[in-house]
Structure formats: structure tokens, C-alpha cells
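Sequences and hints are given; from them, build the entire structure.
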Amino acid sequence: MPSRQTLIAITNHLHPARLGTYTSRCSNDPLRALELYRWNLELSAAFQQVLAVTEVALRNAIDGQLQLWNASQPHHTGSGAQHTHEWLSDPARPLNSLTKGSRVRARDHAQDALTARDAGHPRHGVAPTHDDVLTQLTFGVWTKLLPTSDTSDRNFRGREVLWKDALQHAFPHRKGDPDGYGVASRTARLHALRNRVSHMEPLLDVHVKARHNDALRLLGAMSPEVRDWCSGISRVIEVDRNCPINR
764 MPSRQTLIAI TNHLHPARLG TYTSRCSNDP LRALELYRWN LELSAAFQQV
814 LAVTEVALRN AIDGQLQLWN ASQPHHTGSG AQHTHEWLSD PARPLNSLTK
864 GSRVRARDHA QDALTARDAG HPRHGVAPTH DDVLTQLTFG VWTKLLPTSD
914 TSDRNFRGRE VLWKDALQHA FPHRKGDPDG YGVASRTARL HALRNRVSHM
964 EPLLDVHVKA RHNDALRLLG AMSPEVRDWC SGISRVIEVD RNCPINR
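Going from the sequence shown to our numbering is simple: count from 1 and add 763.
The hints are simulated quantities; they were obtained by calculation from the structure and are not laboratory data.
Hints are not guaranteed to be accurate.
Stated by the list, open to error - For lysine-lysine, the following DSSO-like pairs were computed, each having C-alpha atoms within a straight-line distance of at most 30 Å: (1) K863 <-> K907; (2) K863 <-> K927; (3) K927 <-> K938; (4) K927 <-> K907; (5) K972 <-> K907.
This one's a predicted model, so the numbers in the text were calculated from it and none came from an experiment.
Below you can see the structure in the form of C-alpha cells.
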């Protein structure tokens, strides 16, 4: 059991405002609040593992289909030329407008990573590749490319076109989701969860089983094998069972 001095030090360094959420759930008992905070850290770590697998799989599945689609699109100049598979540097419509700001930021971050490499790095001085830029795109980018049921969304038509012509093929094992709204909704919920986890926010009101299921269903829509592997290594449900309070 931590001493009073230790409790004071932890509270001061983690800040009372951060611990206040946990304290209020534990009838102002500082020891129970600290245990609940520790549990939240464990749940965040467990979710981070699942989210990491989901994000990488999602990114690569979408990238693969966008490369194929982009290379099949005629250039908007009407010259008869085709776009290349390099959709991050030569995007066809409507992908160009849907990703403009994101692509610029990703290229800048990839260039910053290049500049930061020391002389001994095996890729020192090597210009950023497609994959380098791709890995700099955030989870949120994919939520804005997937379809939406909101017809007032200014990109509604562009997102619908991308889904029908390209992105639906990134999820060949989805069931009963022809418009992609199920895939899009799960992706949006996981994006929100990822932000909470990354910012070390409380997960006390998160529907843990539902979000875990979102990740597994999204993975299953891409690859049942990856879903089963991720499910096998996931600790989310086990950690959730060990929550020190009733939620």
C-alpha cells in the first residue's frame, strides 16, 4: 500500500484534475482511485495493441485499392494520359480534393523524418517513398474517405464514388454492408477511441466490448485470418473483467 507521502507525490505529479475523474468514481478514496487509474492505464495499453493492428491493416488495405483505382483513372486534362498508382503524389478526382491537406502534411512529416536521420542511418539522404508518406497519414484520413450516409456532407458524392469504384474491395469479407456505412461507422468509432487512448484519457465510460468488437469486425471484413490472430493476442476483455469498480 502506498504511503501518504507517495499518494501526495503521485497526485501532485499526475495533477488532481486528471485524477479527479477516478477519485469521484471511488467515493473520494485516494487508494481506490489510484488503483482505478492503474487499471485505466492497463486497458489503454491493451486497446493500443488492438488498435495498432487495426490501423495498419486498414491503411494497407485502403492503400492497395487506391493504387489500383488511381492507375485506372484518365487524367483530368483530357490528354488521354492515365494517372499513376502513386495516388499520394498524383491523385485522380475526387481523391485529389478529399486528401489535399492530408497529403501535404504527410509529405512534410515524411521530409522532417528524413532530415532527422543521422549520418549512420541506413536510409540517410534517401528521399521519402510512397510508403514513407503513407505511414504519416493519420487514422482520421480513412474516416473521411469512407462513405457517409449524411447527404449534406460536402464530400458525400466523392466518398460514394470512391467506395463503389475502389474502397469496397478493401473489405471483401464484410457481410450485409453494400453501402459501406457499417465499415465507415466502425472506423469512426475506433478513430475516436484511438484519440482517447493516445491522449491518456479515462476509458471508464467506453463500451469496451462493443469497441473491441468494432475492431475485430473491421479486421474480419478485411481478413478473417488477421482478425483471428488479433483476437488471440488481445488482452482487452481480460483487463476489462478486472476493473476494480462496477461501471
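Hint-by-hint comparison with the structure:
A threshold of 30 Å between alpha carbons decides the hint, and for K863 with K907 the separation of about 12 Å falls inside it, so the pair holds. Taking the CA atoms of K863 and K927, the gap is about 21 Å. The hint holds against a cut of 30 Å. Distance hint between K927 and K938 is fulfilled; the C-alpha atoms sit about 16 Å from each other, no more than 30 Å. The suggested pairing of K927 with K907 holds, with an alpha-carbon distance near 15 Å, which does not exceed 30 Å.
Restraint check for K972 and K907: the C-alpha separation of about 25 Å stays at or below 30 Å, so the hint holds.
Checked against the numbered hints given earlier, the structure satisfies every one of them.
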